[in-house]
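Visitor: Two chains, two separate frames, one set of hints: put the complex together.
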Amino acid sequence: MPTALPRLSDDRLRPLAAAYATSLAAARTRIWIGAGGIVALVLVSGWFAEVDLVRMFGRIGTFTDYIGRIFVFDNGDNVGRFVLVAPGEWMWGLAHWSKLILETLLIAYSGTILGAIGGFVLSFMSARNLGRAPLMRGGVKRLLEICRTVPELVFALVFVIAFGLGALPGVLAIAIHTTGALGKLFAEVVENIDMKPVEGTTAAGGSWWQTVRFAVVPQVLSNFASYTLLRFEINVRGASVMGFVGAGGIGQDLIEAIRKFYYADVSAILVLIILTVMVIDLGTERLRHRFIAREAHA
Amino acid sequence: MSVVVQTAGHPDGPISNTRRVRSALGPAARAARPDLERQYPEIFAGSRRDRLTTIGVVVGLVGLFAFALWRLDFSFARIGSGLVQLAHFTTLMLPPSSGTVARFWLFLNSLGETLAIAFLGTLAAATFAFPFGFLAAKNVVPQPLVHFFTRRGLDTIRGVDTLIWALIWINVVGLGPFAGILAIMCSDFGAFGKLFSEAIESVDGKPIEGVVSTGGSRLAQIRFAILPQILPVIAGQVLYYFESNTRSATIIGIVGAGGIGLWLTEAIRTLEWQQVSLLVLMILVAVAAIDQISARIRFAIIGDRRLDL
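Protein chains in written order, with the UniProt record's numbering: chain L, 1 to 298; chain V, 1 to 309.
Since the hints were derived computationally from the structure, they do not count as laboratory data.
Be a bit skeptical, because a hint or two may be false.
[To be verified] Output of the computed footprint for chain L on chain V, the stretches with three or more beta carbons under 8 Å from beta carbons of chain L:
1. 105 to 115
2. 177 to 190
3. 249 to 260
4. 275 to 287
The structure presented is a predicted model; accordingly, all values stated were derived computationally and were not measured.
Just so you know, even glycine gets a beta-carbon here, dropped at the ideal spot from N, CA and C.
Chain V with its partners taken away, still in its complex shape (with noise of 0.2 Å):
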């Protein structure tokens, strides 16, 4: 048997830092197989079913795959000329570049009002999730009818894209940011509601019961028990959707409800392609800033916990 020799592994790189000599274990543990095959046939029947379920699981999701391919009708002609086309629209949007000066501040401008979006929407959406998030959470209202209802239609107002409220809205208060706030914090507060009276919902009871125990009221059990231990968890969670909404306040400008959106679309529609690098980047440049600064709030809130979304 050869010698396997083996450098101190590091724990973050054990296999980069390992001189590899090929073991002549691998050989003899397959000449050793068909004897344990025989020797414990319940144990190697079980992993041939479980590969069965696999190649089964395998099979269905290409067979569907497949099927999704020659319905929407792909055709690798196509795929190949559009892939040519993509090539020059590259090589045409450098270097990125807004034309005029005037330009890049509207851009700017554009921008901060992208972020303003995602701010209150985001901000607007939990404080009316906020109640709500109680009524849905079973441990403070106890009530199978109640619960269900508020949770289907969270649900239902979840189920909407933003896109969709953001038209319904521009109806309502015309086009402009006004409109994309209003939407940003109607599909938000779906999600909040959830989110909430899940956090809600996994509370330890404990607390609750000192406060019952010292005569406090129902608003005192709330207030006293419930919110010091979901507060933090809600904070997280705020946080995390304000950065995802920077991402989604982007495109919301594509029906007119404000933003930088408007004006990617503009580009992208007249081909300016230098002018969509740009704005690409501004994008890129904006939401790794708002990602680290949230992210450091979140640490400072909640420590170093992953949020359960």
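Chain L on its own, in the form it takes in the complex (with noise of 0.2 Å):
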């Protein structure tokens, strides 16, 4: 059934209409503004940071030449032809590099487990809601800042020079700025529980350790959990170029092969670290889907 809306008069409309005219020009203007300055922001760092689209455009036949050189055999047999024709000859290096693939991946296990290990200490010290001293607060917090925002290449590259060559500084590189990360993570976690568990453990008598065993990790525990696969994730990419500044892993042969121009070797690495991402991608987010299913059913 057709109902009647009541027409105002128009005498009633015409500063209705005014005042939503002038509104949305507002808007409009302040998205003119917004615009402009993105494009005034894309101009001076494009001068900043020598942007040649120029050279760019004309030199781009380059980059799908490289692409498409990588895939192809320049020496050997097979000189020429893609490198799916001979598999065997592509993939000579198989044995060597998942030696290499293992070590990247436990370079990233271990440093992930120290960092969590880390974080999870640090996290309940910064946390706001568990009452501990704010100077102390404030320092962990500080603490973690420099962890996470110092990048783990240049805690490496430092490392490689303390300790040597090797998986060593690489691990603990790793480690570091997971403890950063994780222990930002994982305050905020600790500060979105529900209070009401503490409240009890605290009017039992429990101390500051027990309160935090057995009121804040029992909530928290699958949320850390899920976060530290996540950071899993980021450290297998992370190892993976660890081995540019001579801290472990598959990025030493990665990079020589780049640097001395061994095509053929450079998409087969590259090829093998990007099939070890994408597994340990599945894997860790089916993981994390049960994780998460588990916190929603309990």
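Guide: See below:
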């Protein structure tokens, strides 16, 4: 059944329409100002970063060339043919590379474990709702900030000088960076807990450690596990380039292949890295869904 | 039974504001436990199984960790001597200094370059990823094959680290910050494509039905029903990535792709520790400033909502 909407008379409608038009115009001006600001920023940073589009489009062929070239043999019996023609020759170093990939995964794993332990301990000290002294909280927060702002490769560079070449500096660099990143995320989780169990243990006379153990940890554990898995995923990627500065893993062979123009090797190693990362991503995603489902269920 | 004395707890700090008196409840509960265990065996059996799983998982994790340490040749002697070295380096870092004033201006200039790399890289990645986000969203392109291949393509791009992209782009545009922009653009393109498509898939379907009911075309549906819902989310994600990219842009200088990383690597390699500490300090300040600004903008756009990254 059609219903008639009451229509306002024109003289009552006019001020409303005018007000609508002004607010619309104001919104439009805001958008134009924002867009102008972004364009100005783009121009300034483009000038700063020496963007040269002409040169780029002039040489864009090099990029596609490079991508095409790494998938073609450049010596041996199959010169000039697509790598998949002779997968055995393409993956000639598979045994060696798999060992390095395993090393990369172990670097990521041990770095994640050490970092998660560090973040776990520090997060309770920096959470606002667990009543630690403000001075200590502030100190821990700054420490975490430094740990996660300084890139892991910078730590790795310094550690390579201090500890010598090898996987050890890589693990420590990832551990420190992970401590900073996870410490912040964990602290946010702790700050969002339900405070009733905390009041319960406090009322029963629990100490600070007991309160954390029995009232806080059971609430946050599944979230912590999920964040740690996510971090492991990121760290696998990070560990794959640790070798660039001599801190172990597959990165060393990759940068050598790129620098020495062993084109087919570059693609072989890249494919191995991408496959590893994908498998790890899928695995951790599945595990994380299980943690989240369990949390929703509880 | 002793009395538990408790002052009124402040919601933010109930632990510290409480006077603790040992309660007699604990021993009493422990004494009652055997009885309870007999009475409700099924409840205790459940907790025992949980405990066994927990122990199994912990043993597995620790075992793998021990294997990793063995495999990666960890030695405590090396860690010890390394720590001594690190302590020595730390004393050499103080006070932070650039040596000459001219060098300080060079550092500042390359810090600006780093920020420019992060900004342009993020913006370019977002621009290019925008259409691909729609292509990879199930509810816009209901074509399983297209969906599958776009997603896997984006995953492949995401699987390659920024530094590797930087090495590849250096071959194309030469050494310098432009290669850094392109590297950040490539690695973030994959991440943005995935995030955008997830945002698009989680939109409310009612506005789309509304547009369809008035005879709107496919394009009109996207423009008037989907876009208004996803824009704030996307803006938040882009800002967040800008923040994290200012961090990653500081390292791509290591392979020669511009920015402050070049100076940092140089200073570390030549053991100029005072310059190292100054450069790290500059990075910390710049990143903190960017964090503040972008957090404020993000708050203005989407309010205090947690980002689903």
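Visitor: Please go over all the hints and tell whether each is borne out by the structure.
Guide: Structure-based check of all given hints:
no.	hint	result
1	105 to 115	holds (count 3)
2	177 to 190	holds (count 5)
3	249 to 260	holds (count 5)
4	275 to 287	holds (count 5)
Violated hints: none; the structure is consistent with every hint.
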